[in-house]
Amino acid sequence: MHADPKGVLTGLHFIDGDHAACEGAIAAGCRFAAGYPITPSTEVVERFAARIPLVGGVFIQMEDEIASSIAILGAAWAGHKVMTVTSGPGLSLMMEHIGYAAMTETPCVFVDVQRGGPSTGLPTLPAQADMMQVRWGSHGDYNIIALSPNSPQECFDLMIKAFNLAELYRTPVFFMMDEVVGHMTERVAIPRPEDIEVVPRRWTSRKPGEYKAYEPGEDLVPEMVKAGDGYRVHVTGLTHDERGYPAMNPQAQDKLVRRLVDKIRKNAHKLVDVRGENLEDADVVVISYGITSRIAAAAVEEARAAGLKVGHLRLVIVWPFPEQLVAELASRVKAFVVPELNLGQMVREVERVVAGRAQVVSVPHAGGTVHQVEDILAKILEVAK
Amino acid sequence: MSSAAVNIELPQLQNPLMQYLRQDRIPHIWCPGCGIGTSLNAFIRALDEMQFDLNKLAVISGIGCTGRVAGYLNVDSFHTTHGRAIPFATGLKLGNPDLKVVVYSGDGDLFAIGGNHFIHAARRNMDLMVVCVNNFTYGMTGGQVAPTTPLGATQTTMPYGNFEPPFNLPYLADSCGAVYVARWTVYHVRQLTRAFKEGLSKKGFVFIEVLSPCPTLYSRRNRLGDGVEQLKYYKERSVVKNGADTREVGLTFQGDIVVGTFVNRERPTWLDAMNEHFSQRFGDRYQRYGVRHED
Ligand SMILES: Cc1ncc(C[n+]2csc(CCOP(=O)(O)OP(=O)(O)O)c2C)c(N)n1
Ligand code: SF4
Chain A
1 MHADPKGVLT GLHFIDGDHA ACEGAIAAGC RFAAGYPITP STEVVERFAA
51 RIPLVGGVFI QMEDEIASSI AILGAAWAGH KVMTVTSGPG LSLMMEHIGY
101 AAMTETPCVF VDVQRGGPST GLPTLPAQAD MMQVRWGSHG DYNIIALSPN
151 SPQECFDLMI KAFNLAELYR TPVFFMMDEV VGHMTERVAI PRPEDIEVVP
201 RRWTSRKPGE YKAYEPGEDL VPEMVKAGDG YRVHVTGLTH DERGYPAMNP
251 QAQDKLVRRL VDKIRKNAHK LVDVRGENLE DADVVVISYG ITSRIAAAAV
301 EEARAAGLKV GHLRLVIVWP FPEQLVAELA SRVKAFVVPE LNLGQMVREV
351 ERVVAGRAQV VSVPHAGGTV HQVEDILAKI LEVAK
Chain B
386 MSSAAVNIEL PQLQNPLMQY LRQDRIPHIW CPGCGIGTSL NAFIRALDEM
436 QFDLNKLAVI SGIGCTGRVA GYLNVDSFHT THGRAIPFAT GLKLGNPDLK
486 VVVYSGDGDL FAIGGNHFIH AARRNMDLMV VCVNNFTYGM TGGQVAPTTP
536 LGATQTTMPY GNFEPPFNLP YLADSCGAVY VARWTVYHVR QLTRAFKEGL
586 SKKGFVFIEV LSPCPTLYSR RNRLGDGVEQ LKYYKERSVV KNGADTREVG
636 LTFQGDIVVG TFVNRERPTW LDAMNEHFSQ RFGDRYQRYG VRHED
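Taken in order, these protein sequences are the chains called A and B.
If you're matching positions, the first sequence starts at 1 in the working numbering and goes up one per residue.
If you're matching positions, the second sequence starts at 386 in the working numbering and goes up one per residue.
Bound-form chain A, shown alone (with noise of 0.2 Å):
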């Protein structure tokens, strides 16, 4: 299906990615967001309220964080495509709703622009440090798909695969800015409509009676109905078999948790998008992800120019993580360098993965600006010799 183009807005644009976020959730079809200010997310809702009641829709600036997570969620059983958009403190507090999201396996997306933290932290100045959050935050089992744009356009760009991958999966969707990403100014292009592929919700077709609202299909995805059509679903966050009634007992608990992991889990080979540079011929990977694959970017063109066989792995998905790829050039690289804007979150994946057969090395930092290209080239130098 094709984005209806009358939220599409065609054309080259100078603007920022919280501003290029936002038109890559119209051009999705996203017509419902509800979001609580807090820098430096802030414009992507503030331009999505600006915008919308000419495309129609609705924004609703909500009381807190906790309310904007579960209006989206409302919005999404009466059949929109959704979103709410914040930074770690907002993040924290709408952990309940991702587990809900996930346990009644509701389309959204969530806008994570990251900043400083533990708290408060640093509002105004970039992290990447609840990439951690993202995939284990909600208490219980489940799984979810997170994407790192590094720049505007990749903001517009993988917004609508955001949106895409919601409804594919009817799981959460994060989107893993930062507050570098999120403020700087670039060039983005905007296709036309035609050219911009949009995911329809995936509706029954099956009448109401013979429906079941979470009697998965083969790729494990129950298919959907909304609230007014007729079919008198229930969702509850409770233990629930395939009618959606609650169940309690460890049967109903192992298959529905299995699934929801599975889902994800059974399908991560389709859901691998990597960027790959120089992987042919490495002994040494950098792995990095966001704002930080910039400058691992220069790093690695240095080292390269200084003689070295050096190889760039940019996760554009880091949840689910690309297991497969990284295991199989942990057979054949030395050592693999992975900065970010933590004090190690993915690098423990990497580690995971790697099991030993190559070094994994971790470049730190812990937020507030972003790496010197020179901290990044010295831990490559320090592993190639």
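Calculated from the structure, these hints are not laboratory results.
Check each hint, because a few of them may be wrong.
[Said to hold, decoys possible] Taking lysine to any residue pairs in the SDA-like style, the calculated list, with each CA pair at most 20 Å apart, reads:
| # | chain 1 | residue 1 | chain 2 | residue 2 |
| --- | --- | --- | --- | --- |
| 1 | A | K6 | B | R673 |
| 2 | B | K441 | B | D483 |
| 3 | A | K212 | B | I411 |
| 4 | A | K334 | A | V383 |
| 5 | A | K212 | A | M248 |
| 6 | A | K207 | A | E242 |
| 7 | B | K588 | B | D657 |
| 8 | B | K441 | A | W203 |
| 9 | A | K270 | A | P200 |
| 10 | A | K6 | B | N660 |
| 11 | B | K441 | A | G209 |
| 12 | A | K212 | B | D409 |
| 13 | B | K626 | B | E583 |
| 14 | A | K207 | B | L439 |
| 15 | A | K207 | B | N440 |
| 16 | A | K6 | B | Q672 |
| 17 | B | K626 | B | D641 |
| 18 | A | K334 | A | S362 |
| 19 | B | K441 | B | L585 |
| 20 | A | K212 | B | N440 |
[Claimed, not checked] Here are the simulated distance ranges between beta carbons:
| # | chain 1 | residue 1 | chain 2 | residue 2 | range |
| --- | --- | --- | --- | --- | --- |
| 21 | A | R352 | B | Q672 | 48 to 58 Å |
| 22 | B | G628 | A | E210 | 48 to 58 Å |
| 23 | A | S205 | B | T542 | 46 to 56 Å |
| 24 | B | P550 | A | V55 | 44 to 54 Å |
| 25 | B | D409 | A | W203 | 19 to 29 Å |
| 26 | B | V574 | A | A49 | 42 to 52 Å |
| 27 | B | S560 | A | T120 | 27 to 37 Å |
| 28 | A | H139 | B | P653 | 37 to 47 Å |
| 29 | B | E651 | A | R258 | 47 to 57 Å |
| 30 | B | Y671 | A | D219 | 38 to 48 Å |
| 31 | A | Q324 | B | D409 | 40 to 50 Å |
| 32 | A | L238 | B | E549 | 23 to 33 Å |
| 33 | B | E651 | A | T369 | 54 to 64 Å |
| 34 | A | L9 | B | T526 | 48 to 58 Å |
[Claimed, not checked] Every beta carbon over 10 Å from chain A, so not counted as near; a handful from chain B, in silico:
| # | residue |
| --- | --- |
| 35 | A497 |
| 36 | M525 |
| 37 | L536 |
| 38 | M543 |
| 39 | G546 |
| 40 | N547 |
Glycine residues also receive a C-beta, built at the ideal position from the N, C-alpha and C atoms.
Add chain B with the ligands to chain A, keeping to what the hints say.
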């Protein structure tokens, strides 16, 4: 006397109100003597008397004994998270304004953890009907103090009697801008049914408080007898005062209960205000939001 066998086709005897319930979910979890079911009975009667189109109704609950109401009703129903039924309902209603959206939940859910959402939804005049079953306690978790527990009543977390003043819920709703505010007890099934009908027909933020016995926890801990004893109390101490000043309807431990319709007024809903405002701002370029959504 003829002894010829007469073959009479007996109609399937079934309570006509059963169609409103998910029959495959019965028996329910509520205790004998609990008032939640009685309130639900009045709600269903209201739907029946109005011949309400059940495909256009959604019921949202939070968490608690009352929170189970949504799951028993044969309508689109959502059992959400503790305290957050109102913001979920807000999203659902704004997502599809054709739906009548009813929030049905407990006093702890709506006024402790969910208090912030309640006051803002009332302030905005969100088009929702909020039903609060007030049993003065946290039933589901075993009888802890609630923001509605009368002074002096004993609860597991107020073992020497409650010393926190409770909310006066109708006053709270009124002062935040609700367009319809009523209180009845589960003894007043007929009045309650009428209140539900009025609430379902009313546009804007409607609040109906239903006093309801929790014999298992609240009554037992306070030695108030069984469910029937509580109904006797409701019968003997209720005073009907329609239009009462909501400042004066606060409740005390086993004291008088003012019941009635306290507020019934008009105010633009959030969505009407939005449409009106944008129509003025953008003129013909603005298309009123709220027609049915098809993707
Ligand atoms: C976030 C969260 N905190 C606490 C609970 C535990 N909890 C479940 S029901 C409930 C209280 C319900 O009381 P009330 O709303 O008065 O409903 P009742 O059971 O009396 O009908 C609590 C505290 C929860 N489910 N979620
Ligand atoms: S514990 Fe109280 S409120 Fe809960 S079902 Fe039993 S009587 Fe009703």
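Of the hints stated earlier, which fail here? none
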